[in-house]
Each structure stands twice: as structure tokens, then as C-alpha cells.
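Visitor: Each protein sequence line maps, in turn, to chains A and B.
The first sequence maps to residues 1 to 265 in our numbering.
The second sequence maps to residues 1001 to 1141 in our numbering.
One or more hints might be untrue.
[Stated by the list, open to error] Over the 10 Å line for every Cβ pair with chain A, so calculated as not near, a few chain B residues:
hint, residue
1, Glu1048
2, Pro1055
3, Ser1088
4, Met1100
5, Lys1101
6, Ala1102
7, Thr1119
8, Pro1125
9, Ser1128
10, Glu1129
[Stated by the list, open to error] Now the stretches of chain A that chain B is said to cover, found in silico as 3 or more residues with beta-carbon under 8 Å:
hint, stretch
11, 18-29
12, 72-85
13, 157-167
14, 187-200
[Said to hold, decoys possible] Capping the alpha-carbon separation at 25 Å, the derived lysine to aspartate or glutamate pairs in DMTMM-like fashion look like this:
hint, chain 1, residue 1, chain 2, residue 2
15, A, Lys27, B, Glu1129
16, A, Lys13, B, Asp1049
17, B, Lys1101, A, Glu30
18, B, Lys1136, A, Asp200
19, A, Lys13, B, Glu1069
20, B, Lys1135, A, Asp130
21, B, Lys1114, A, Glu34
22, A, Lys13, B, Asp1042
23, B, Lys1099, A, Glu184
24, B, Lys1101, A, Glu29
25, A, Lys13, B, Asp1056
26, B, Lys1099, A, Glu34
27, B, Lys1135, A, Glu29
28, A, Lys10, B, Glu1121
The set of hints was computed from the structure by calculation and includes no laboratory data.
Heads up, the beta-carbon is just placed ideally off N, CA and C, and yes, glycines get one too.
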Amino acid sequence: MDPREVSRRKALKVAVSALVFEVGYEKAEESVLETLTEMLQSFLTELGRSCRNYAELAGRSEGMMTDVFMALVDMGQNVQSIQSHARRHTKSVFLPPAHSAAPPTLKTLQVGDRPSHPSHIPDHLPAFPDPHTYIRTLTNKAPVTEYQLVREKAASQKRDIERALTRFIAKTGETQNLFPDNTEAYPLIAVKPNPLPYLDALLCKEQDLEDEESTNGESEKKVKDQDTGQQTGGQGETQDAESIDNPYLRPVKLYRVKKKIKLTS
Amino acid sequence: MSIELGSDDGISQGVMSTPGTAGVSQESMPQDSKTAGVPLIDFVQQLEDYAPTIPDSVTAFYLNRAGLECTDPRITRLMSLAAQKFISDIANDALQHCKMKASGQSSKKQNKDKKLVLTMEDLTPALSEYGINVKKPAYFV
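With the hints as constraints, model all of the structure from the sequences given.
Guide: Dropping the structure here:
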């Protein structure tokens, strides 16, 4: 059944119960109450129907007092006693729960505000649908091409990356503390001491640790020889090395150890 | 219950008859009939503040169902009053039946059962006087 019908029916049942209670009964059978409710509903319906018919017969569309009167008489009701009934002492009134309007359809899926009707469309027509259904907007933003902004952006990104990386390594690796009492403030990435610190500076390529000691003395002298431009080994320089202009970027040339070494000051 | 309507004026010239009482003859009525509706119309004026047991919205709902649109709430209240009176009359008659049975059985017990229960057995004879015959099964078949 229509929920409106159900609620009104229940209100009628409550009214019937109140009336029965007024008469003097403490309890009533369920079937009796149902019967009386049904009778009440049909009485009201018949009264309304009859009243409407009388009004229409008189050429009116709305019910008037006299139409009600005629309808009551038509149904055989004693009209005079209505007044006395209204004045009874045991009258009880109950406030029904407020009949709320049907819940509006949930607007959970509504996105954005619906624009109002233009002036040439009356208001009682349905509203516009969600604006995203008929308005097209480009989703990609025009890229920023201004040199200054791009430069700024690149610099800030670079700074952020550096900061993030250093912090990450500081958090995950060993750290040295700048302040002895505050360990979290300025963590510095711990320096791993290299047994041969000058090796990294001298050589462009990484060398095996096995060859370290044997080539140790050589590399010292090689650097000195290269600086002065004199060749001690006699090994010719390859053509590949010559193609790179920067002498510090050329691949390392290992010379055979010779007993005679010219030391230049 | 027979009703005769003289003409279709606003003021009715009809005969009102209450069920169960002797029908009033038509000849004696015409003099009173002109004034029959007037006190009621006056009474309606008093209905402005009245709140009947049946809420206005419920009554209006059923009247709308029947096709009657009432802009005047007093008319609606009058109708709900008439309906209330109808039901309470029936309930009163059922009460009389109940009390007759109770007094017939035992007056040695406490004076008139403190708790009166409205049952179908009391309602059926009360309704039959109105010409309504109810037959309800006592249990679901």
C-alpha cells in the first residue's frame, strides 16, 4: 500500500481508539478496532463523495457548508447531535506525527550547481541536468612557457630533490651529528673514510684493491711525469687518448715498471 | 431511513431520521427544516479553534481521495466531527450491550467491571441496529 495511505490509516486507527476509550472501554479487540477504522474511512469517503456530488449538482466545484449538510442528511445522520458531541467533556485530541513530504531524491551524484532557467523557460519545467553533461571544458592546462617561471620551477624542483635525497640517505644510513646533544636536528651523512683518499682524486676509473699497492708508486710518478710532459716508460700513447682534449679525462695508461726512473723535480 | 428532498436549495428541506428512533414525518418537519441547517451553520463558526480527534490532515486526505477539495478548514472539521460522532455512537451502543450482559450475569462481583473490553460480541448487535451485518471469523482459516 501507498505509504501515505498506511500512515493515514494508522492515524484513523488511533482516533478510533481514542473515541472508544472516551466511551468508557479500557481495552478492545483488534478485529473490532479494524472494523471501526474501516467504517470510519468509508464514512469519510462517502461523506466526501456525496458532498462533492451535491456541490457539482449546484454548479460549484468546491464543497460548501450546505453541501455537507445535505450529504449528512443523505446518509441518515442526526445533524443536531453533532453540536452536543462537539461539546462533550471527555474530548481527547492527539497530535499526529507531522506528515512529512516524500524524501527528495538523493543528490549524491550531483556534481556542481545546476544553472537556473533562462527567462524564456517557465520555472515549473524540469531543471537543467548536471552541468558536466553538456558543458565541455578542456582538462589539460596550458603549459607555462615563460622563461622566468620555468627557471624558477626547475630550481625549486632541483633543490627539493637534493634535500629529499640527502634526508633519505641520512635517515637510512649512518649519520654524524653536528651537535652532540641534538641528534635529530642536523643529521649529516657519515663520511666513510677511504684508506687511500688520494686515489679517487687521481684516477678516473675505479681500480681493484689488489692492484692498489703495486700501482701505488707508479701512479704517483705517472702524474708527475705527465705534468712535465716526459715519458718514462716508452710506451706510446694510444691514439684514443689523444682524441680527448682534457688530459684529466683521458683513460689511465699503465706503464711498465722500469728500474731506471727519472725523477724530475 | 427515507429521505425526501424538496428542492435543491442551499437550505435543505429534507427529513432527518435517526436510526433506531421513530422516523419523523415529513409534514412536521418543513417548519423546522428551514432552521435545521441554521444552527449548524452557526456552529461551524465556532469550529475555528476546535481540534477534532481525527486530525485535519487525515480527514482532508480522505476527502481528497473522494474528490472533494475543501479550502475551508471548518468544513473539514465538521466532517471529521460527524464521522467521530458516528463511531462514538456505535461504541456507546456496544457499551450498553456490554453492560446489559455484565449486569445480567453477576452483580455480586465488583460493580460493573472496572475494565471493559470491547469485543466483537458486543459490536455485532450494535451494528446490526444500524443495518450493518458483520461476520468475522474468529480465527484465520
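Visitor: Run every hint past the structure and note whether it holds.
Guide: A quick look at each hint next to the structure:
The beta carbon of glutamate 1048 of chain B sits about 13 Å from the closest Cβ of chain A, which is more than 10 Å, so the claim that it is off the interface holds. The Cβ of proline 1055 of chain B does not lie farther than 10 Å from every Cβ of chain A; its closest approach is about 4 Å, which violates its non-interface assignment. Chain A draws serine 1088 of chain B into its interface by the beta-carbon criterion, the shortest separation being 5 Å against a cut-off of 10 Å. Separation of methionine 1100 of chain B from chain A is adequate, the least Cβ-Cβ distance of about 14 Å exceeding the 10 Å criterion.
At roughly 14 Å from the closest C-beta of chain A, the C-beta of lysine 1101 of chain B stays outside 10 Å, upholding its exclusion from the interface. With a least CB separation of 12 Å from chain A, alanine 1102 of chain B remains clear of the 10 Å interface cut-off, as annotated. Non-interface call for threonine 1119 of chain B relative to chain A: violated, since the shortest CB-CB distance, roughly 5 Å, does not exceed 10 Å. No Cβ of chain A comes within 10 Å of the Cβ of proline 1125 of chain B; the nearest lies about 13 Å off, and the non-interface call holds.
Every C-beta of chain A lies more than 10 Å from that of serine 1128 of chain B, the closest at about 13 Å, which supports listing it as non-interface. The claim that glutamate 1129 of chain B is not at the interface with chain A holds, since no C-beta of that chain comes within 10 Å of its own (minimum 13 Å). Coverage of the stretch 18-29 of chain A by chain B holds. Counting CB-CB distances below 8 Å, 11 residues qualify, and the rule asks for three or more. For the stretch 72-85 of chain A, the stated coverage by chain B holds: 12 residues have a C-beta nearer than 8 Å to a C-beta of that chain, and at least 3 were required.
Coverage of a stretch by a chain is defined here by at least three residues with a beta carbon nearer than 8 Å to that chain's beta carbons; for the stretch 157-167 of chain A and chain B the count is 0, and the condition is violated. Beta-carbon proximity to chain B at under 8 Å applies to 0 residues in the stretch 187-200 of chain A; the threshold of 3 is not reached and the given coverage is violated. Of the pairs offered as hints, the one joining lysine 27 of chain A and glutamate 1129 of chain B holds, with about 23 Å between alpha carbons and a cut-off of 25 Å not exceeded. The suggested pairing of lysine 13 of chain A with aspartate 1049 of chain B holds, with an alpha-carbon distance near 23 Å, which does not exceed 25 Å.
The suggested pairing of lysine 1101 of chain B with glutamate 30 of chain A holds, with an alpha-carbon distance near 21 Å, which does not exceed 25 Å. Distance check on the hinted pair: lysine 1136 of chain B and aspartate 200 of chain A sit about 109 Å apart at the alpha-carbon level, beyond 25 Å; violated. Restraint check for lysine 13 of chain A and glutamate 1069 of chain B: the C-alpha separation of about 23 Å stays at or below 25 Å, so the hint holds. Between the alpha carbons of lysine 1135 of chain B and aspartate 130 of chain A the distance comes to roughly 58 Å, so the proposed pair goes past 25 Å and is violated.
Distance hint between lysine 1114 of chain B and glutamate 34 of chain A is fulfilled; the C-alpha atoms sit about 24 Å from each other, no more than 25 Å. The hinted pair formed by lysine 13 of chain A and aspartate 1042 of chain B fails the criterion: a straight-line CA distance of about 30 Å is larger than 25 Å. Restraint check for lysine 1099 of chain B and glutamate 184 of chain A: the C-alpha separation of about 94 Å exceeds 25 Å, so the hint is violated. For the suggested pair lysine 1101 of chain B and glutamate 29 of chain A, the alpha carbons sit about 17 Å apart, so the restraint of at most 25 Å is met.
For the suggested pair lysine 13 of chain A and aspartate 1056 of chain B, the alpha carbons sit about 15 Å apart, so the restraint of at most 25 Å is met. This hinted pair checks out: lysine 1099 of chain B and glutamate 34 of chain A have alpha carbons roughly 22 Å apart, not beyond 25 Å. Simply put, lysine 1135 of chain B and glutamate 29 of chain A have alpha-carbon atoms about 15 Å apart, close enough for the 25 Å limit, and the pair holds. In summary, the hint linking lysine 10 of chain A to glutamate 1121 of chain B is supported, as the alpha carbons are separated by about 24 Å, within the 25 Å threshold.
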